[in-house]
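Undergrad: Just so you know, the protein sequences line up as chains A and B, in that order.
Each residue of the first sequence is one higher than the last, beginning at 12 in the numbering used here.
Each residue of the second sequence is one higher than the last, beginning at 12 in the numbering used here.
Hints are computed from structural coordinates only; laboratory data are not their basis.
Hints may contain errors.
One copy or any two copies: either way a pair holds, since identical chains are not told apart in the list.
Here are the simulated SDA-like pairs of lysine to any residue, each with C-alpha atoms no more than 20 Å apart in a straight line [unchecked claim]:
id, residue 1, residue 2
1, Lys388, Gly378
2, Lys149, Gln301
3, Lys297, Ala50
4, Lys336, Lys346
5, Lys18, Glu36
6, Lys18, Ser385
7, Lys230, Thr280
8, Lys122, Val239
9, Lys284, Gly201
10, Lys247, Gly258
What you are looking at is a predicted structure, and each value in this text was computed from that prediction instead of being measured.
Take a look at the letters that make up each chain.
Protein chains: 2
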Amino acid sequence: MSTQQFKQAPHKLLVIPGPIEVTDEVLFANAHPSVSHMAPEFASVFGEALRMTRDVVFSKTGQPFLISGSGTLGWDQVSANLVEAGDDVLVLNTGYFGDSFADCLQTYGAKVDQIRADFGTTASLVELEKALQSKKYKLVTVTHVDTSTAVLSDPKAVAAVVKKVSPDTLVILDAVCAVASEEIRMEDWGIDVVMSASQKGLGAPPGLSVIIASQQAMKVFETRSTPVASFYASWKRWLPIMKAYEGGGAAYFATPPVNLIFAFHQSLTQLLKSSPTLEERFARHKEVSQRVKTAAAELGLKSVPVNAAEAANGMTAVYTPPGVKSSEMIPLFLKKGVVVAGGLGAQKDAYFRIGHMGTTVVNSERGDIDKIVSVMKEVVEEVTSKKA
Amino acid sequence: MSTQQFKQAPHKLLVIPGPIEVTDEVLFANAHPSVSHMAPEFASVFGEALRMTRDVVFSKTGQPFLISGSGTLGWDQVSANLVEAGDDVLVLNTGYFGDSFADCLQTYGAKVDQIRADFGTTASLVELEKALQSKKYKLVTVTHVDTSTAVLSDPKAVAAVVKKVSPDTLVILDAVCAVASEEIRMEDWGIDVVMSASQKGLGAPPGLSVIIASQQAMKVFETRSTPVASFYASWKRWLPIMKAYEGGGAAYFATPPVNLIFAFHQSLTQLLKSSPTLEERFARHKEVSQRVKTAAAELGLKSVPVNAAEAANGMTAVYTPPGVKSSEMIPLFLKKGVVVAGGLGAQKDAYFRIGHMGTTVVNSERGDIDKIVSVMKEVVEEVTSKKA
Chain A
12 MSTQQFKQAP HKLLVIPGPI EVTDEVLFAN AHPSVSHMAP EFASVFGEAL RMTRDVVFSK
72 TGQPFLISGS GTLGWDQVSA NLVEAGDDVL VLNTGYFGDS FADCLQTYGA KVDQIRADFG
132 TTASLVELEK ALQSKKYKLV TVTHVDTSTA VLSDPKAVAA VVKKVSPDTL VILDAVCAVA
192 SEEIRMEDWG IDVVMSASQK GLGAPPGLSV IIASQQAMKV FETRSTPVAS FYASWKRWLP
252 IMKAYEGGGA AYFATPPVNL IFAFHQSLTQ LLKSSPTLEE RFARHKEVSQ RVKTAAAELG
312 LKSVPVNAAE AANGMTAVYT PPGVKSSEMI PLFLKKGVVV AGGLGAQKDA YFRIGHMGTT
372 VVNSERGDID KIVSVMKEVV EEVTSKKA
Chain B
12 MSTQQFKQAP HKLLVIPGPI EVTDEVLFAN AHPSVSHMAP EFASVFGEAL RMTRDVVFSK
72 TGQPFLISGS GTLGWDQVSA NLVEAGDDVL VLNTGYFGDS FADCLQTYGA KVDQIRADFG
132 TTASLVELEK ALQSKKYKLV TVTHVDTSTA VLSDPKAVAA VVKKVSPDTL VILDAVCAVA
192 SEEIRMEDWG IDVVMSASQK GLGAPPGLSV IIASQQAMKV FETRSTPVAS FYASWKRWLP
252 IMKAYEGGGA AYFATPPVNL IFAFHQSLTQ LLKSSPTLEE RFARHKEVSQ RVKTAAAELG
312 LKSVPVNAAE AANGMTAVYT PPGVKSSEMI PLFLKKGVVV AGGLGAQKDA YFRIGHMGTT
372 VVNSERGDID KIVSVMKEVV EEVTSKKA
């Protein structure tokens, strides 16, 4: 069977903010016959995947880690490798994912301060600057796109403040819901860690924790004075493995998710080496996002992100019509073959979320965006006419 | 496209001790269109996979955990959830994987004693009894099949000694290379944790850490006095998730590896609900193992396991002919389309390993075992005639 012959089965359109729709080619790669994790043919694919991972965030010198696990494992990697017990860290908290990153950092002994943004907004850069002046932080974390709210932070501006006030402080970007749907220029902007996962903008099935760490971050890791407080998440264990595979060889610490690496490699190849280019993809995500947001606004739906400039391009979060719960709307979307997500956290019934990333955005011949817009209109009309 | 239409591409026969050959149906499930991790259709598949995981080890009351990660993550789960800093633990060390489990336990603050078996043998039960009498151990670990040597321990006998001398001590079975190729009767034998991974006897691609914990183990977890020392590996985070999915609902801590859960579910279905039965599968593994081991012996190859009764049924490890390195033999196997593994650890060039698990064993129409046996004969004749 060849790639050309494989067509995924008809199914409901999955437009939650990850996992996302993936291409037939990516699924076919995920169904690759079993291959040894030590085989040269796999080592070369893994090596290329590592190099392409760096390319997606425009990094020349970053150290990529591709490890079997959910995106959440990235928090453990940051916390266990870059933090030592008692270190002060600062979390710019824009919602659910900031809370959880803070929890994870505390688990590994960090003393966590937080700048909490109001729901639907980003953390204040003025407060960030003040905090950095008041205390020496080992690292600052920022969620690029908070999947819970679609709020878009400005990592370039955050990094600029950090590098101005406290150049040794590492800037950690939780970009799980941002890589490949939002522009990230890791080195130009001074980001020390980009953490992500395979199943959002990166366009592969879930199951791969994706990290790129700057040389400054690796130096902080290498000069730590206490042992790494995790076994599975330890870069001490994984660094030689990633270097071996990138060098074309194979090395063993734990069995990599071979099929998923094939799938991820396929997706990266489509992202980086085919039309549209990565830059064009970012532009398409902006256009499509604008289209979905405008359509929602025309239906009277209010955006969860308070400021239009702080709204993600890879997803949209909008409040439901007055008196309607998102849990009432989601089944109506489903009936029309479209899978969207409710809210997350305390206000979960008050809003719903639509993901528009990857093939759904760039392959307009699929008609996914047309479908999202028309079904959203039908559902809103249905629920509002019932209430009327 | 339907399951019947999907045929994996022709490829070299993968008979290392994991990952193993998997069926077309399993690969097709791994290429399932994207589905929400919160969708009812996925929740029901995840729930069934959890129940079937329990069935594979004949457990009625064990708590299964299916978490995105390599088998190695199972060590972190045991160490972070069941051990508190300063606890005494005992590792029955039969090779490479015992060393690593000990490393992991130490990372989480355990005081580790080890009973080291000579290369190719199992740890002494007499020494185990003495050790248990001398000190109160929180847990004892035993590697069911040490993938590095093919040595088969007797978990039933180990558990019997532990339960006799120190009934509160938990028995942890590292069964990564044993579940579904060796019989494990978790509750009858008194095993507290069975840890495994998806890519060996369980017959799916790699990327899933598989654990079943006894109610006694869960009680030790629930009554610990210090916080769990990991975020990603914390059962505190995962237990409500596993319970939700088993109950037919969905809950979120980290995105599960949706496609791999479909694949794992498919493989468990083949293991448990089709012919041959699980018991017949164990018998087949024994027969096939005997056939491969006899063929090796007839070629003059000496077994790495010193005692025939302590040799795994899912893999074979044999020394190379005199003066021949395994690194010379492996390329000759490869040329004939068969992928076997060299040794692991200090003696890695002195022996090689063949995996015979899953579809390779039970679906004799594939002819995998015939091929292994005939190619092994050709390769041995080739290397010995060169030396002659």
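Undergrad: Hint by hint, note whether the structure agrees.
TA: Against the structure, the hints:
1. Lys388 / Gly378: within (16 Å within a copy, 57 Å between copies)
2. Lys149 / Gln301: neither (37 Å within a copy, 58 Å between copies)
3. Lys297 / Ala50: Answer is neither: 41 Å inside a copy and 28 Å across each miss the 20 Å cutoff.
4. Lys336 / Lys346: For Lys336 and Lys346, only the intra-copy Cα distance (17 Å) is at most 20 Å; the inter-copy one is 63 Å.
5. Lys18 / Glu36: Cα proximity of Lys18 and Glu36: in one copy and across copies (9 Å, 15 Å).
6. Lys18 / Ser385: Cα proximity of Lys18 and Ser385: none, with 25 Å in one copy and 38 Å across.
7. Lys230 / Thr280: neither (30 Å within a copy, 48 Å between copies)
8. Lys122 / Val239: For Lys122 and Val239, both the intra-copy (17 Å) and inter-copy (17 Å) Cα distances are at most 20 Å.
9. Lys284 / Gly201: neither (26 Å within a copy, 55 Å between copies)
10. Lys247 / Gly258: within (18 Å within a copy, 39 Å between copies)
Hints 2, 3, 6, 7, 9, counting from the list given before, are not met by this structure.
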